[in-house]
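Q: Chain by chain, the residues run as shown.
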Amino acid sequence: MEYKVIFKDYNKALKRNKLLGLKCNDCGTVTCPPMMVCQECAGTNQEVVELSGKGQVLTFTTSYLNSEGRENELPITIVMVQLDEGPWIMGNLDDVDPKRVNMKLIGKRVGLGHRVFPGDRYSAGEAARPVFSYIEQIENV
Amino acid sequence: MRRVVVLGGGHSKFCFNSPKTSVEMLSEVAMDAIRESSLEARDIQAINVGNVLGDFAEGQGMVQSFFANDIGCFNVPATRFEGACASGSIALRDAFIWVASGYYDIVLVGGVERATAMGTALATRTFAMFGDSRYEFPTGFTFPAAFGLLAHLYAHRYRIPLERLKEQMAAVSVQSHEYAMKNPHAQIHKQLSKEEVLKSFMVTTPIQLHDACPFSDGAAAVVLASEEVAKKLTNQPVYISGIGQTSSGKLSSQYQYLPRLRARELAAEQAYRMAGLTPQDIDVCELHDCFSIAAIIAAEGLGLFEFGTAGEAWERGETRLGGKIPINMSGGLKAKGHPIGATGVSQAYELTRQLRGQLVEQGRQVDEAKHALMDTLGGDGVLVSIIFSAA
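Residue numbers (my numbering), protein chains in the order written: chain A, 1 to 141; chain B, 1 to 391.
A few of these clues could be false.
What the hints assert, rightly or not - Here are some, though not all, of the chain B residues that point toward chain A, as calculated from beta-carbon distances under 8 Å:
| id | residue |
| --- | --- |
| 1 | Gln45 |
| 2 | Ala121 |
| 3 | Ser133 |
| 4 | Tyr135 |
| 5 | Pro138 |
| 6 | Thr142 |
| 7 | Leu153 |
| 8 | Thr205 |
| 9 | Gly303 |
Calculated from the structure, these hints are not laboratory results. Where a beta carbon is used, it is the ideal one built from N, C-alpha and C, also for glycine.
Using the sequences and the hints given, assemble the complete structure.
A: Here it is in structure tokens:
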């Protein structure tokens with residue numbers, strides 16, 4: 001059985017700021033990042049959907065520690081975002097000084113962009129990752 | 001299914017920059033375990049080994065066969081288990097199943113790691129391999145970062161001001177350092193104050209250096225035997241009375257359940273059910289405190305405290321010797337050290353000694369302990385609970 005969305009396709013779409021997920025036709029749950037099955041009911045009756053990329057920050061950490069070869073990215077803020085369609089995804093946060101991030105970040109509305117991790121000797125190539133930024137003001141207009 | 005006994009054990013001093021190779025560390029503790037069991041190498045029928053990063057640390061894969069040969073377990077089937085920081089625990093659980101099933105009577109379980117040989121940057125990179133490499137590592141994800149995310153989520157979920165949670169987390173680290181002072185095998189023998197924890201280097205908010213366990217080198221081993229065999233060898237049998245193991249996927253896929261780890265709760269449930277016990281029956285516990293917040297989340301997931309309250313329990317001393325449930329009398333991963341392939345076996349070694357009453361002289365013996373629980377977390381996705389019982 002083949003994946004409906006493999007990483008290669010997810011990555012290609014994310015590089016165009018499009019976030020691919022899978023909507024379960026049995027229970028309605030949206031799975032993102034994609035898996036073989038619905039992350040809630042394990043069903044396989046899913047269709048590929050493009051998600052809004054909007055959501056709210058659930059938690060965060062600003063990291064001063066990084067892996068070999070990635071020290072120049074520090075400090076970096078990692079966020080877990082709940083997308084409006086339900087799933088949680090991990091990304092980074094722009095628009096804010098990582099050193100000034102605090103608990104007030106939780107609940108903030110954010111929208112999707114991306115940046116490409118070029119890969120290192122162990123990563124089997126590049127990988128785009130979601131980079132979020134605040135959208136509250138834009139939506140309030 | 002037959003009853004299974006933990007016989008002898010061996011445990012190296014955990015340390016930075018071990019002068020010994022992984023094969024040497026593992027061979028030494030394995031021989032200690034075999035001798036303490038009143039056995040010879042030729043009595044061992046199979047070997048299970050937890051080892052995670054020998055390939056990166058020493059360019060040494062398949063450590064299990066080389067050490068087996070070194071100790072005279074010639075041509076004995078030896079298998080390496082990899083489940084990140086729970087590798088030793090899954091090696092132990094699997095060995096239990098082989099002996100319980102009747103296929104083997106005597107199995108040696110070991111674990112070893114020499115992580116400090118990699119240096120901090122490569123060690124951090126390789127430890128991050130136990131998160132999702134495609135969807136999460138690109139963000140800069142590391143394991144400290146995972147627990148930074150969980151700590152903020154925990155503070156928000158249970159409405160604990162972050163400054164209060166930080167104090168509770170500090171209490172966990174302070175206690176671990178205190179008991180490690182009494183454990184001759186511990187990597188860190190140094191008193192730690194709350195102020196020192198809160199002043200230490202910020203690793204990834206809100207995790208500071210002293211909220212985190214060190215990188216470690218070390219090894220541990222135990223011998224498992226069927227009850228029938230064990231009766232001839234020991235008059236102090238410690239039984240494995242319950243086992244549980246589960247897996248889970250990348251952090252984001254565990255979504256709504258976080259900051260609780262559902263996989264841990266299910267593994268513990270398996271072990272409690274098998275042993276016919278409840279959390280109230282546990283007299284002493286070794287749990288996976290890779291970070292101070294991880295200890296708090298673990299103690300709640302194991303049913304030892306209500307959700308959102310374990311930090312206060314540490315502050316009140318309920319996790320101390322003589323408290324409601326003594327936790328990490330070894331010094332825990334924080335101060336005993338965390339050579340990841342060895343950690344689960346080290347926990348088993350420690351609890352076996354607790355149940356035999358062998359830690360009185362070290363000043364960290366839980367009086368009349370009958371049932372002991374170990375909990376190990378590997379990466380994003382391996383959870384093991386094992387219960388040991390004195391009868």
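Q: Tell me the numbers of any earlier hints that the structure contravenes, in ascending order.
A: Hints 1, 9 are the ones this structure does not satisfy, whereas the remaining hints hold.
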